[in-house]
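Undergrad: So the sequence shown is numbered by UniProt numbering: it starts at 1 and just counts up by one.
The set of hints was computed from the structure by calculation and includes no laboratory data.
Be aware that a few hints might be false.
Below, a list of computed lysine-lysine pairs in the DSSO-like style, where the Cα atoms sit at most 30 Å apart [claimed, not checked]:
1) 31 to 75
2) 208 to 134
3) 18 to 165
4) 30 to 40
5) 76 to 165
6) 213 to 187
7) 40 to 116
8) 116 to 221
9) 68 to 116
10) 221 to 134
11) 186 to 221
12) 31 to 165
13) 134 to 186
14) 75 to 40
15) 221 to 30
16) 134 to 75
17) 68 to 18
18) 208 to 120
19) 221 to 187
20) 134 to 116
21) 120 to 221
22) 68 to 208
23) 213 to 75
24) 165 to 134
25) 76 to 134
26) 187 to 134
27) 68 to 120
28) 120 to 134
29) 116 to 186
30) 31 to 18
31) 75 to 165
Using C-beta positions, here's what the derived DEER-type ranges look like [said to hold, decoys possible]:
32) 140 to 197: 16 to 26 Å
33) 104 to 160: 24 to 34 Å
34) 221 to 138: 31 to 41 Å
Just so you know, even glycine gets a beta-carbon here, dropped at the ideal spot from N, CA and C.
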Amino acid sequence: MKPIMRISVTSQIVDSIKESVENGQFPVGKKLPAELELCKLMYVSRSSVREALYQLQAQGYVELIAGKGAFVRSKKPNDNYEAIRQWFISSAPNLEDFIEVRLAIDPLAASLASIKGTEKEIRQLADIHEQFVKANTTNDVPRLVSLDEQFHSQILKMSHNVLLKQISELLLKELKQYRTMSITAKKNSDNTVAEHGAVMEAIASRNKGGAQKAMIRHLHKVREDIDAVINKKREKEPWK
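Kindly generate the complete structure, drawing on both the sequences and the hints.
TA: Below is the structure:
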């Protein structure tokens, strides 16, 4: 007998939208229905829809534009995406592996964003950061996790380097469990507010070196915060 596969709600949403894109129901270049409309159509939560859209963007099907929505980019997945995804599955990298790769990629993206990012893109980045600050005041963890991902995704977009964006988008997805673990602690999300602010200000002022250094400091702090949460959890659950 074959084992019964448990398919997450997010995966089902991804498959449904992907099928609609591939069969032409959602044509290339057209905007997808708004998140709330998709929620009503599929009877799912907004957070599940948002996560599905991020996955579809990483796969190359859609492009998320801050303040405008999701637009169909292609009827086929990005060839590089599946190869990289399979490598992640087979090699099962740990947190340290992720952080080391991000330390190579994210500071580069930040420095490129400070040079290549348009004024409109900078305003969009500022808007995402402002939303993060507001969500932090109410400690809305799911919203904070989503906005943290959007912040880094926007910087990747602003780098205007397609390959860098494709590789990094996959890293962002794989890091979600660690991101959630870290942001659950209020002081960690407070740290992120300050660090994101420093990165954003450096990019907005076109300070290439400053943007790079601010991102490096942010990633080192992220590693410290996640390590602290993991160690605290081990102290509470020493049998695991």
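Undergrad: Take the hints in turn and mark each one as holding or not.
TA: Tested hints:
Taking the CA atoms of residue 31 and residue 75, the gap is near 14 Å; set against the 30 Å cutoff, the hint holds. For the hint linking residue 208 to residue 134, the alpha-carbon distance of about 27 Å falls within 30 Å, and the restraint holds. Among the hinted pairs, residue 18 with residue 165 is consistent with the structure: their alpha-carbon atoms are about 20 Å apart, no more than 30 Å. A hinted pair counts as satisfied when its Cα atoms are at most 30 Å apart, and residue 30 with residue 40 qualifies at roughly 20 Å.
Between the alpha carbons of residue 76 and residue 165 the distance comes to roughly 18 Å, so the proposed pair stays at or under 30 Å and holds. The straight-line distance between the Cα atoms of residue 213 and residue 187 is roughly 22 Å, inside the 30 Å bound, and the hint therefore holds. With a C-alpha separation of about 38 Å, the suggested pair residue 40 and residue 116 falls outside the 30 Å cut-off, and the hint is violated. For the proposed pair residue 116 and residue 221, the alpha carbon gap of about 26 Å is at most 30 Å, so the pair holds.
With a CA separation close to 21 Å, the supplied pair residue 68 and residue 116 stays within the 30 Å bound. Proposed proximity of residue 221 and residue 134 is supported: the alpha carbons are some 21 Å apart, at most 30 Å. Between residue 186 and residue 221 the CA atoms are separated by roughly 14 Å; this keeps the pair inside 30 Å, and the hint holds. Using a Cα cut-off of 30 Å, the hinted pair residue 31 and residue 165 holds, with the two alpha carbons roughly 21 Å apart.
Between residue 134 and residue 186 the alpha-carbon distance is near 13 Å, which keeps this suggested pair within the 30 Å criterion. For a cut-off of 30 Å, the pair hint linking residue 75 to residue 40 stands: about 24 Å separates their Cα positions. Restraint check: the Cα-Cα separation between residue 221 and residue 30 comes to about 40 Å, which exceeds 30 Å; the hinted pair is violated. In summary, the hint linking residue 134 to residue 75 is not supported, as the alpha carbons are separated by about 36 Å, beyond the 30 Å threshold.
Note on residue 68 and residue 18: the hinted pairing holds, with a Cα-Cα distance of about 20 Å set against a maximum of 30 Å. Of the pairs offered as hints, the one joining residue 208 and residue 120 holds, with about 18 Å between alpha carbons and a cut-off of 30 Å not exceeded. Taking the CA atoms of residue 221 and residue 187, the gap is about 12 Å. The hint holds against a cut of 30 Å. Between residue 134 and residue 116 the alpha-carbon distance is near 28 Å, which keeps this suggested pair within the 30 Å criterion.
Distance hint between residue 120 and residue 221 is fulfilled; the C-alpha atoms sit about 29 Å from each other, no more than 30 Å. For the given pair, residue 68 sits about 28 Å from residue 208 by alpha-carbon distance, which is consistent with the 30 Å threshold. With a CA separation close to 38 Å, the supplied pair residue 213 and residue 75 exceeds the 30 Å bound. Taking the CA atoms of residue 165 and residue 134, the gap is about 27 Å. The hint holds against a cut of 30 Å.
The straight-line distance between the Cα atoms of residue 76 and residue 134 is roughly 37 Å, outside the 30 Å bound, and the hint therefore fails. Distance hint between residue 187 and residue 134 is fulfilled; the C-alpha atoms sit about 15 Å from each other, no more than 30 Å. For the proposed pair residue 68 and residue 120, the alpha carbon gap of about 12 Å is at most 30 Å, so the pair holds. Simply put, residue 120 and residue 134 have alpha-carbon atoms about 21 Å apart, close enough for the 30 Å limit, and the pair holds.
For the suggested pair residue 116 and residue 186, the alpha carbons sit about 34 Å apart, so the restraint of at most 30 Å is broken. Distance check on the hinted pair: residue 31 and residue 18 sit about 14 Å apart at the alpha-carbon level, within 30 Å; holds. Distance restraint check for residue 75 and residue 165: the Cα-Cα separation of roughly 19 Å lies within the 30 Å cut-off, and the hinted pair is therefore satisfied. The supplied range of 16 to 26 Å is met by residue 140 and residue 197, whose beta-carbon atoms lie about 18 Å from each other.
Our hint of 24 to 34 Å for residue 104 and residue 160 is violated, since their Cβ atoms are close to 18 Å apart. Under the hint 31 to 41 Å, the C-beta atoms of residue 221 and residue 138, about 22 Å apart, miss the expected range.
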